[in-house]
Each structure stands twice: as structure tokens, then as C-alpha cells.
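Novice: As a plain string of letters, each chain reads:
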Amino acid sequence: MARTALQDVLLTLVVSALLIWIMPMLIGTYTLTVLVIYGMLGLSLGLIWGFGGILCFGQAAFFGLGAYTYAIAAINIGESTLPMLLAVLVPAIFAALLGAMMFYGRLTDVYLGVITLVVTLILFKFVNSTAGPQYVIGKARLGGFNGIPGFQTLNVPGDPGAYIWGDPYYYVCAVALVIVFLLVTWLLRSSFGRIALGIRENEVRMGLMGYDVAARKTVMFAIGAAIAGLAGALFANWGEIVTPSLFSLGQSAEIIIWCIVGGLGTRIGPIIGAAGLAYLKFLLGQQSLIDNTLITGLILVLFVLFLPKGLAPAIAALFRAVFGRTRRKPDARRMRRARHG
Amino acid sequence: MAETVLETQGLTMRFGGVTASDNVNFKLKARELRCLIGPNGAGKSTFFKCVTGLLTPTEGHVFMRGQEVTGWHPHQIASLGVGIKTQTPNVLDALSVRENIWLAARRFHPVSEARDRSDEMIDRLALGSIARSSLGQLAHGERQRVELGLVAVADPWLVLLDEPAAGMSAQDVERMTAIIHDLTKTAAVVIVEHDMQFIRSIADTVTVFHQGAVLMEDHVDRVMSDAQVRAVYLGKKT
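Residue numbers (our numbering), protein chains in the order written: chain A, 1 to 341; chain B, 1001 to 1238.
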């Protein structure tokens, strides 16, 4: 570990404070809010895939589940605090059950991908088909392809009349992302995180050391889903409507692309990838010359070919090259020579 | 008389029509060093995998310190205090030597104690100069040594090693032998091995496998001079 925990936290706080302050001058807060939310969604997959070795093709399922949970709970409760908590818990519990089934069933990566993909599809199809009046949870109609509009949006806890929207909502989302980022940092520095990294590297070895790999992967999967659920709830508040497209395969695929482009195995990479690509999509959406999915696809191909490790590691390497922090490499080489000669 | 730490009763493993392990009865005492030998396909590795939980035997029972562990998962068996090294190196390639050993120590000890123990193990195995290198960059012998280190750091009372000397230089094997002798002070050790040279240098009692079953079990010198064993190894008819 290159930096101590304290340095890491301070660096995070300083950089994020600067970004939260500067970014609204460049991009409107309404757009910025959704970029922050996507950043959190990217981080959720970046955590379980990049550090836990779990490639989930259905991260959008947890995102959508969080958004729907929030919308349904908010309509029934009429205050946003408990719905926010539920929006984190429901996807986490759902993921824990699904994960336990997959990991205790010793499924390999390919089947894991297929199952998470299919679960997303099932949710998408199901929610899409709930337009009829018989699909009601409490006071909330599921609304099928029309989605659920008109739910109570985020308010100051305890005061349903005091809505948080516009600029303040941007700050709420940005701070939430910073808190989640710090929690992820803490998790990765803890024994649990280091063991998770070991499991990513070699499940058999970790099992032979006596670690219950299935249990740990299930927990990791649930944590990722909780973060995605929180992002979903924030997204629901931002859009003030939830629709089945949240569960779409396109959304799931996009999250994976964010992670690859941003840099897998880094904390910041998936956030940068998510915000950057989402902003690009937003810009491309303003013109009609080229279809924006083509551009996203092209970017993915270019990254896989030329920057397979992603943006964040590439920038870090460039930074090191420019500022001459190359102490490590020559050191290692000298050591090897010394040992062999 | 020393306690029996590992025992199998009528252990049989079939893969379709092939009986890879055939009614193996095996007993190991505490702090004993035992080598399992036999020609290719004799069922050594299958036996090893059944004992470590990597395979569930078709029939028969496995006991460790009197407790039945048949059908347990490897992580449950390892949690008892059993150190396992598989035939192919199983290490954490992207992580450093220190992190590899720390993770093994962490399973049974709190964070700071795990750090102290892994530092100690790194010193003992003379891995200090490469402690920060990731396992993927290391030579085969070094990887084997690290893997032995992460088995040893957990303070096991039973160690199961599948071909620890495979592909190693003479110097590495020598070092490996020393480490294994060190282990036998506190643990019973089972070694599955091909390398006769290595077995001569380390073994006391040897169990010979042939066609899935135990052919004989005796002191290494008597085993080596046994006509039947030689025939099995050289593929002659007896």
C-alpha cells in the first residue's frame, strides 16, 4: 500500500471538495447530479468486479430495484427517510439471496454472468407487464411501461414539506458519493477487503487457507447491490419518475463499459468512466448526426485495444512517468539481478 | 502412543468406470512424516484430493483427529488446522509475498499478530528481498517456497503436500527439505511425491500406491529394495 489510510482520506476529501466546488461552474447541476449518481453506480460494480472478481451482468437490476423500492415506499409512507433506507436494504437482501444461490452452488464466471443477465431480463419483463390496475403495492400502482411518477421526493428527514431539489440536491448526491467512496476505501483496507482481493486472485487457495469463499463473495455481492440501490434511489429522486428502462440490458452493459473504460481494480476509475461516458452520451444526445451507442461502442473497442487497463491506471502511469516517481521499478530490477548473480 | 491425526477407512473413489482409489485404509500419527509414492495413475493424487475435500469420495470415511470430515469443503478442513498445498501452485499472483503470507496468517490470528507472524515467516524462509514483489513475477522455486510459507504460517497440526519438489532446482529442494523438517516438529506431514531422490532424503515411512490401492507400507529403505515396488515402477510383470 503506497499511501497510509489518513493520507488516502485527506486526499479524497480535498479532491472531492474541489470537484464539488468547481464542477457546477462547468456543467449545470441538473446534469451533474445524474453524473454523480452514475458515478456511484459505476463504483458499485467497480467494487465487486474489480476487487471482488465478481462479474455481474445485472448491476442495473439492483439499480432499478433501489429506484422502484424508493418510489413504492415513498408513495406509501409519504416521507423519504425510511424509503431511502429500504432502497439500500431491499437490493442488498435480494442480492444476498441471489448471490448465496450462485456462490454456494459453485457456479463459475460464465454462468454467473448468464444468471445475473437473465435476472435483469426477468425483472425488466415483469415490471414492464404490470400496467394493469391489479398490480398494486399498498397505495402504489406499479404502472408497467408507464413507470411510477408522482412520488414523494427527498425531503429533510422528519419534515415531509421541506423538499431537497435543484442545487442542494446536487450537493446531497455529491456528498453521498464521497461518503460511499470513503466507506469503500475503508472496506478495501480492512481484512475483509484484503481477503476479498485474495479471493479475486485465487479462490482455491483462499479456500485451502480456510476462508469460506462462498459466504464472503455473497457479502461482497450484497454490498455492491446496496450501493447500486442507493444510486437507484437517488436517481429516482432526480428523475421524479421510475420506469422499467432502469432494468434494461443496455443499462447493465453501460455499467460494464464504464468500468472497463475507467479502469478496473481502481476505486476512482469506474466513477470517472461512468461520469465521463454519461456526459459524452448527454452531449451526443444533443445532435442527430451519429447514433451515440455507436460512439460508446467505438470508445469501448478503442480502450480494449489501446488502453486495456483503463483510464485511471493509464493516467496514474503517465503521472509517474512525468514526475519521475520511478523509484520502484529500478529497485525491483536491481534486486532481481542481485539474487541471480 | 501418539494420537492418530488422519485416518481413512475404505476410501474409494470412482470416476465412471475407473476406480482411482480402491478401498484405501490409511493411518497417520501426530508429527509423523509420511511419503506417498507410486507410478503415474496410481491414485496418489486422488487420495490426496479426497482427504483435502477437493473431491468427495464415492465410498469410505475420512477422519481427522477422530472427527469425521468426509464430504467437507476444503475451507472447513483447512479451518481445523490442516495446511494444504496442491500439485499445481496455488498462490495469489497479483499480490505481494507479504500479503500472501499475511492472508494465510490472518485466518487464525488478529491483524497485528498476523503481521508479526508473517514477518517472522518471511525471515525464516529468507524471502525478505522479494517480500514486496508480486507472486506473478517470481520464479517457480520461489513461488513453491512462498506457498509452503503460507501453509506453515497458519501453524497447522497436519500438512498435506502434493508434489512439493516438482520442477525445483537442487538448491530449492534442499531448502524445501529443511522447511519440511521444521514443520514436523509440530505437525504430521504427508507428502505425495514422484522424485525418488527427494523421498530418499526426507522419508521415513513410505506408503506405496498401485492401481488405486495401497501396495505396501514400510520403511523407505525396505520399500526401495522391494522387488514388487521396483517392478511396479519399472512396469515389469511380477
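Simulated from the structure, these hints should not be mistaken for laboratory data.
Keep in mind that a hint or two might mislead.
Examples of chain A residues lying across from chain B (beta carbon under 8 Å, computed) [unchecked claim]: (1) Gly113; (2) Val114; (3) Leu117; (4) Leu121; (5) Lys125; (6) Phe126; (7) Asn128; (8) Thr130; (9) Gly132; (10) Arg189; (11) Gly198; (12) Val204; (13) Leu208; (14) Met209; (15) Asp212.
Beta carbons are placed, not taken as given, at the ideal position from N, Cα and C, and that holds for glycine.
Novice: Determine for every hint whether it applies to the structure shown.
Specialist: Comparing the hints with the structure gives:
no.: 1; hint: Gly113; verdict: violated (21 Å)
no.: 2; hint: Val114; verdict: violated (24 Å)
no.: 3; hint: Leu117; verdict: violated (27 Å)
no.: 4; hint: Leu121; verdict: violated (32 Å)
no.: 5; hint: Lys125; verdict: violated (36 Å)
no.: 6; hint: Phe126; verdict: violated (35 Å)
no.: 7; hint: Asn128; verdict: violated (40 Å)
no.: 8; hint: Thr130; verdict: violated (41 Å)
no.: 9; hint: Gly132; verdict: violated (47 Å)
no.: 10; hint: Arg189; verdict: violated (11 Å)
no.: 11; hint: Gly198; verdict: holds (5 Å)
no.: 12; hint: Val204; verdict: holds (5 Å)
no.: 13; hint: Leu208; verdict: holds (5 Å)
no.: 14; hint: Met209; verdict: holds (5 Å)
no.: 15; hint: Asp212; verdict: holds (5 Å)
Checked against the numbered hints given earlier, this structure breaks hints 1, 2, 3, 4, 5, 6, 7, 8, 9 and 10; the rest are met.
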